[in-house]
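*Asks:* 14 is the number of the first residue of the sequence shown in my numbering; add one for each residue after it.
Hints are not guaranteed to be accurate.
[Unchecked claim] What follows is a set of in silico ranges between Cβ atoms, one per label pair, in the way DEER data are often shown:
#1 S92 x K184: 42 to 52 angstroms
#2 M200 x V286: 34 to 44 angstroms
#3 R119 x D280: 28 to 38 angstroms
#4 L196 x R153: 39 to 49 angstroms
#5 R276 x A98: 39 to 49 angstroms
#6 S258 x D295: 43 to 53 angstroms
#7 E128 x R276: 21 to 31 angstroms
#8 S147 x E297: 17 to 27 angstroms
#9 D172 x P95: 18 to 28 angstroms
#10 R218 x E128: 19 to 29 angstroms
In short, the hints are calculated from the structure, not lab data.
It should be emphasised that the depicted structure is a prediction, and the values quoted were computed from it without experimental measurement.
Glycine is no exception: its CB is placed at the ideal position from the N, C-alpha and C atoms.
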Amino acid sequence: MSRETWFESLLNQAMRCLSGSLKDPGYILIQPLKDTVFLFCVKFQIRPFSGWMARVSFFWLGQTVFAKLPSMNDRTTLSNIPLFAGLEGDDLQAIQSIGRVREHPRGELLFSEGENASGFFVVLEGKVKIYKLSAEGKERILHIVGPGGTFAEAAIFADGLYPAYAETLQKARLLFLPKREFLSLLMSNGRIAVNMIAGLSRFLRQFTLQIEELTFKDVPSRLARYLLSLPRGTGRSVELPISKSQLASNLGTVSETLSRTLRKLSDEEIVSVNGKRLDILDFERLEDLAEKCKDG
14 MSRETWFESL LNQAMRCLSG SLKDPGYILI QPLKDTVFLF CVKFQIRPFS
64 GWMARVSFFW LGQTVFAKLP SMNDRTTLSN IPLFAGLEGD DLQAIQSIGR
114 VREHPRGELL FSEGENASGF FVVLEGKVKI YKLSAEGKER ILHIVGPGGT
164 FAEAAIFADG LYPAYAETLQ KARLLFLPKR EFLSLLMSNG RIAVNMIAGL
214 SRFLRQFTLQ IEELTFKDVP SRLARYLLSL PRGTGRSVEL PISKSQLASN
264 LGTVSETLSR TLRKLSDEEI VSVNGKRLDI LDFERLEDLA EKCKDG
C-alpha cells in the first residue's frame with residue numbers, strides 16, 4: 014500500500030471514529046484534519062489500526078482539532094452586539110459559520126502584546142480585561158469587556174499585532190472570529206464591512222474619551238463617572254464588577270488612592286461603601302463631581 018493510499022485509509026478511519034464518538038452536530042473541523050492526523054501519526058509513530066484503540070485515540074485527537082459552533086442562542090446574541098447590529102439573518106449566519114465558540118477558565122491569557130493577531134473575540138459570557146505592562150511589570154488595565162463586547166478587532170488590520178494583553182477575569186465563553194476568514198467576509202459583504210467601520214469608530218471615540226478623562230479629570234471625578242456608568246437595579250445600589258485593585262488600574266491610579274477617594278466620598282455622604290456594593294446617597298453631587306475637571 015502506498016503512503017498516499019495508507020494515509021487516505023487512515024483519514025477515513027479517523028472520520029468514522031470521530032463521527033461515532035462525537036454525537037453533537039455542532040462540532041466542526043477548525044484546522045485541516047489531514048495535516049493534523051499526519052503530524053499526529055508521525056510524532057507518535059501510529060500505524061493503521063481498528064477497533065476500540067482507534068476510537069479512543071482519534072476521539073482524543075478530535076478534542077484538540079474540534080471546536081463547538083455557535084448555537085441559535087449565540088446568533089441571537091450576535092444580533093444584539095453593536096458591531097453586528099442591524100445585520101440580517103443571512104449576514105449573521107455568515108459570521109456564525111466562520112466563528113468558533115470556546116469556554117475559557119478564569120485567569121487564562123488569551124494573547125500577549127506584540128503577538129501576531131490571528132483574529133478577534135466576542136464576549137458571550139464572562140469578562141475579559143485588556144491591559145498593558147510597564148517596564149517594571151506594573152499592570153495598567155485599558156478596558157474591561159463584558160457580555161456583548163468585542164475586542165482586538167482593530168488588530169486584524171494594520172500591522173496585524175495585538176497591541177496589549179487579554180486575560181479572562183472570570184470563566185468566560187467567547188466567540189473567536191479568525192482573521193483570514195473574517196477579512197474575506199468583509200470583502201464580499203458590504204453590510205458587515207460598514208458595521209465594522211462603525212464599530213471601529215465607536216472604539217476610537219471611547220478611547221479618545223478615556224484619554225480626555227486621564228488628562229483633564231482627577232481620580233474622584235473619574236471614579237464618579239465610572240460609578241454612574243454601572244447598571245443599577247432597584248434603588249440606588251451598584252455592584253463593582255471587578256476588584257478594587259483592578260478598578261484602580263482601570264482608573265489610572267493605585268489602590269491606596271482609590272481607597273482614600275472612596276473613604277472621602279463616604280465621609281461626605283455621597284456614597285456608602287459596603288465591600289463591593291456601593292449605595293449612591295446623593296446623585297446630584299456625584300454627577301457634579303463626574304463633570305468636574307482637575308482645576309475646576
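*Asks:* Look at each hint and say if it fits the structure.
*Replies:* Going down the list of hints, with the structure as the test:
| no. | hint | verdict |
| --- | --- | --- |
| 1 | S92 x K184: 42 to 52 angstroms | violated (24 angstroms) |
| 2 | M200 x V286: 34 to 44 angstroms | violated (51 angstroms) |
| 3 | R119 x D280: 28 to 38 angstroms | holds (35 angstroms) |
| 4 | L196 x R153: 39 to 49 angstroms | violated (30 angstroms) |
| 5 | R276 x A98: 39 to 49 angstroms | holds (41 angstroms) |
| 6 | S258 x D295: 43 to 53 angstroms | violated (26 angstroms) |
| 7 | E128 x R276: 21 to 31 angstroms | violated (40 angstroms) |
| 8 | S147 x E297: 17 to 27 angstroms | violated (38 angstroms) |
| 9 | D172 x P95: 18 to 28 angstroms | holds (25 angstroms) |
| 10 | R218 x E128: 19 to 29 angstroms | holds (26 angstroms) |
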